[in-house]
Amino acid sequence: MQLVIRNLQVSYDKIKVLHGIDFTIAKGEIVTIIGANGAGKSTTLKAISRLIPADKGSVMEFEGKDLLTYQPDRVVSELGISHVPEGRRLFGNLTVLENLQLATFARKDREQIKKDMEQVFAIFPRLKERLTQASGTLSGGEQQMLAVGRAYMSGHKIMLLDEPSMGLAPLLMLSMFDALREINKEGTTILLVEQNARLALKFAQRGYVIENGRLVLEGPSADLLDNPDVKKAYLGG
Amino acid sequence: MDLFLQNIVNALQWGSFYALIALGYSMVYSILMLFNFAHGDIFMVGAYIGFGIATGLLALAAMAGLPVPGWLVLVLTIIISMFLTSFVGIFIERVGYRPLREAPRASAAITGLMIGIILETGNLALLGARRLSFPSLIDTVTFQIGSVYVTNKKIFIVAVSLSLMFGLHLFIQKTKWGMAMRAMSYDFQAVPLMGVSINKLAPLTFAIGSGLAAAAGILYGLAYPVLDPYMGILLGWKAFVAAILGGRGSILGAALAGFLLGFIEIFAAWIFPSTFRDLIAYSIILLILTFRPHGFFGQAHSTQLRL
Ligand SMILES: Nc1ncnc2c1ncn2[C@@H]1O[C@H](COP(=O)(O)OP(=O)(O)OP(=O)(O)O)[C@@H](O)[C@H]1O
Ligand SMILES: [Mg+2]
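Those protein sequences? They're chains A and B, same order as listed.
Residues in the first sequence are numbered consecutively from 1, following this note's numbering.
Residues in the second sequence are numbered consecutively from 1001, following this note's numbering.
Incorrect hints may appear among the rest.
[Said to hold, decoys possible] Pairs of lysine-lysine, BS3-like flavour, derived with a Cα cap of 30 Å:
1. B:Lys1200 to A:Lys157
2. A:Lys56 to B:Lys1200
3. A:Lys27 to A:Lys65
4. B:Lys1176 to A:Lys128
5. B:Lys1176 to A:Lys115
Treat the hints as calculated values from the structure; they're not laboratory data.
Excised from the complex, chain A in its bound form (with noise of 0.2 Å):
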């Protein structure tokens, strides 16, 4: 297993907001957690990025590594382990070009880094015809694109997924998709959250079903999406 999470446990203010979570992903896996608002799913990226802390007794590996010992930036530069937030974050004030190259702030692997810029502009075509426009005045369709380029541009063993689809056009989206499959086959595992559970649950393998801070479902995304539990309260009947 490359991702292995047992007994996550994360608080704010010292009010618990999961509870003891469990998962593990393989390599080259397409994993999605769906779950209502304030289920804990943005949490659990967090924790895994290191951007919040975890609670005693939380264990998180990520290739036999013990992640708990990682600062936020080393997770990114030094396990490869990358993160598209929710809401993208993306910096306004840098250009196209200039958040892709953050991305790389610490990686030495110079010609790597190029055959990397070469894929996201594969991907993403629309990114190379503005590469100095600042990021800030993109369109929302083009800022998702640059939020999941900058991600593989910081590391792509595995790409954390908050919510890529928020704020996209149906077609929109089911392109954002298409480019994430296509980085899925090129090696990269996928950990995706997501509130449209229909959407994601077709584009993963596997699903857990996250509420109030627990995992109470996993299985197969086609068994899920069969599951009258699952139909009932996130596939709208």
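Once you've looked at the hints, dock chain B with the ligands against the given chain A.
Chain B with the ligands in isolation, oriented as in the chain A frame:
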């Protein structure tokens, strides 16, 4: 007209001091969203370190019997002092501010004030209450341009200040560390996701700000050669005003506002009795801030988003 031009020269010199110090406030604010209220005292420490280096270099030259030119001593003093003072900034970040990074901003502000007091009284304890006189490293030469008198020192002060500001501009626009600082000013929480270590970026920012303050300290000593442990307080507050006036976290704004402050002060003193100088000058600035509460280049929106 002559006096007018003469005052412009003086305003440029004072503006240089304010701008150099204001940059340090702004840089730190733009990446950590805190004002380092010990910054005025770092200016003071820089001036004292400059005093030590200059005196030491002169003594060394005398001992060796070498006729080292004063300008060389001056340039070396600036470079070495900037370097050494940057470590004061790094130390303050590490010991004073890093433990409080998640703490309320008010605690960090108070920490800054306390560090300032420690630097002032520490200096007092170490060197005593007597004032030091900064060695006059170069002879003053006065040039007459038309009917305006300009000294070589004033030219030097303004030229060095502008060069440092230009260098800082290049650093921020062209290097990857500068790019990280710009990103930080936009959204500091997303920066670690780029693989950027805040624990390296923050000390670097303090180091640069402190180095610039040290340069200001030495240039100030060159123009007004009396040093005392409290010399950084008023100048520091005024530079802080410039940083606010320029717009929180705006580097360009801080530099421009520093010069504007110099102009307002000098011209207030020219038009009104000199005891009215600060009263008039800061009333004007208060008025400006009433109409532009975010300063010249400040952003109205807060970038303090939750990730
Ligand atoms: N910084 C924070 N401080 C305090 N509470 C927080 C913080 N961030 C999240 N929470 C709380 O933790 C819980 C889980 O939040 P989280 O953002 O993980 O939900 P989510 O599943 O991503 O929801 P959404 O689909 O709306 O993005 C919520 O109750 C939320 O209010
Ligand atoms: Mg969320």
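Status of each hint after checking the structure:
A distance of roughly 25 Å separates the Cα atoms of lysine 1200 (chain B) and lysine 157 (chain A); the hinted pair therefore holds under the 30 Å criterion. This hinted pair checks out: lysine 56 (chain A) and lysine 1200 (chain B) have alpha carbons roughly 27 Å apart, not beyond 30 Å. The hinted pair formed by lysine 27 (chain A) and lysine 65 (chain A) meets the criterion: a straight-line CA distance of about 15 Å does not exceed 30 Å. Straight-line distance between C-alpha atoms of lysine 1176 (chain B) and lysine 128 (chain A) comes to about 20 Å, which keeps the hinted pair within the 30 Å bound.
Using a Cα cut-off of 30 Å, the hinted pair lysine 1176 (chain B) and lysine 115 (chain A) holds, with the two alpha carbons roughly 20 Å apart.
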